[in-house]
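A.B. asks: One letter stands for each residue in the lines below.
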Amino acid sequence: AQKITQTQPGMFVQEKEAVTLDCTYDTSDQSYGLFWYKQPSSGEMIFLIYQGSYDEQNATEGRYSLNFQKARKSANLVISASQLGDSAMYFCAMRGSDYKLSFGAGTTVTVRA
Amino acid sequence: SAVISQKPSRDICQRGTSLTIQCQVDSQVTMMFWYRQQPGQSLTLIATANQGSEATYESGFVIDKFPISRPNLTFSTLTVSNMSPEDSSIYLCSVGTRIFRDTQYFGPGTRLTVL
Chain A
1 AQKITQTQPG MFVQEKEAVT LDCTYDTSDQ SYGLFWYKQP SSGEMIFLIY QGSYDEQNAT
61 EGRYSLNFQK ARKSANLVIS ASQLGDSAMY FCAMRGSDYK LSFGAGTTVT VRA
Chain B
1 SAVISQKPSR DICQRGTSLT IQCQVDSQVT MMFWYRQQPG QSLTLIATAN QGSEATYESG
61 FVIDKFPISR PNLTFSTLTV SNMSPEDSSI YLCSVGTRIF RDTQYFGPGT RLTVL
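The listed protein sequences derive, respectively, from chains A and B. For what it's worth, the numbering used here labels the leading residue of the first sequence as 1, then goes sequentially. For what it's worth, the numbering used here labels the leading residue of the second sequence as 1, then goes sequentially.
If you're looking for bench data, these hints aren't it; they were derived computationally from the structure. Do not rely on the hints blindly, as some may be mistaken.
Lysine to aspartate or glutamate pairs mimicking DMTMM-like chemistry, simulated, CA-CA at most 20 Å apart [claimed, not checked]:
#1 Lys7(B) - Glu61(A)
#2 Lys3(A) - Asp26(A)
#3 Lys65(B) - Glu54(B)
#4 Lys3(A) - Glu54(B)
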């Protein structure tokens with residue numbers, strides 16, 4: 001069974017500063033993928049970034065980077081230069097070989113001007 | 001990338017009725033998934049909709065309550081049957097295929113309120 005843990009229910013960040021969202025996972029699969037999604041109040045799930053378990057380099061997508069520490073089973077998301085539009089719920093998710101996603105509880109990010 | 005549309009985007013229904021949600025993808029995909037997000041909660045997988053075979057349901061979800069169709073590789077429906085207020089949720093379809101192995105996309109969701 002796969003388990004995703006996000007321990008930060010909510011976070012506040014000042015505009016233009018960076019914020020790190022924590023995510024730890026547990027799985028017995030050797031091959032897996034880790035995802036981060038953004039969910040604004042509209043409810044849509046916006047894909048942000050992906051990290052494969054065999055990827056040696058940390059993934060980056062624009063202002064998003066994933067700090068992948070395989071031995072510690074963590075996949076933290078870093079959002080640099082926060083913008084007001086970054087205020088949303090953020091979910092960490094894991095996908096196993098069956099393509100099913102398991103989600104963490106989510107972290108609400110509020111960006112202050 | 002895959003473009004996914006869902007209909008309806010939202011609905012308000014009376015208890016005891018049923019609602020069918022449609023999911024359309026702009027390209028052929030191997031697997032489609034249906035997720036539920038109850039208010040203030042995370043996403044939970046309802047079932048995997050596979051073309052050419054019956055849907056596979058997760059623990060706690062049954063076919064009589066959530067029948068799923070998958071007539072082709074670009075379309076699927078989820079029906080929420082005999083609804084109760086506890087079914088008020090956002091329902092999202094998602095697609096996965098080897099082509100998109102580094103991503104997994106979601107439709108915009110259907111926001112359902114049951115009175």
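A.B. asks: Evaluate each hint against the coordinates.
C.D. replies: Status of each hint after checking the structure:
Distance hint between Lys7(B) and Glu61(A) is unfulfilled; the C-alpha atoms sit about 30 Å from each other, more than 20 Å. The straight-line distance between the Cα atoms of Lys3(A) and Asp26(A) is roughly 5 Å, inside the 20 Å bound, and the hint therefore holds. Between the alpha carbons of Lys65(B) and Glu54(B) the distance comes to roughly 15 Å, so the proposed pair stays at or under 20 Å and holds. Restraint check for Lys3(A) and Glu54(B): not satisfied, since their Cα atoms lie roughly 27 Å apart, outside the 20 Å limit.
Of the hints listed earlier, those the structure fails to meet are numbers 1 and 4, in rising order.
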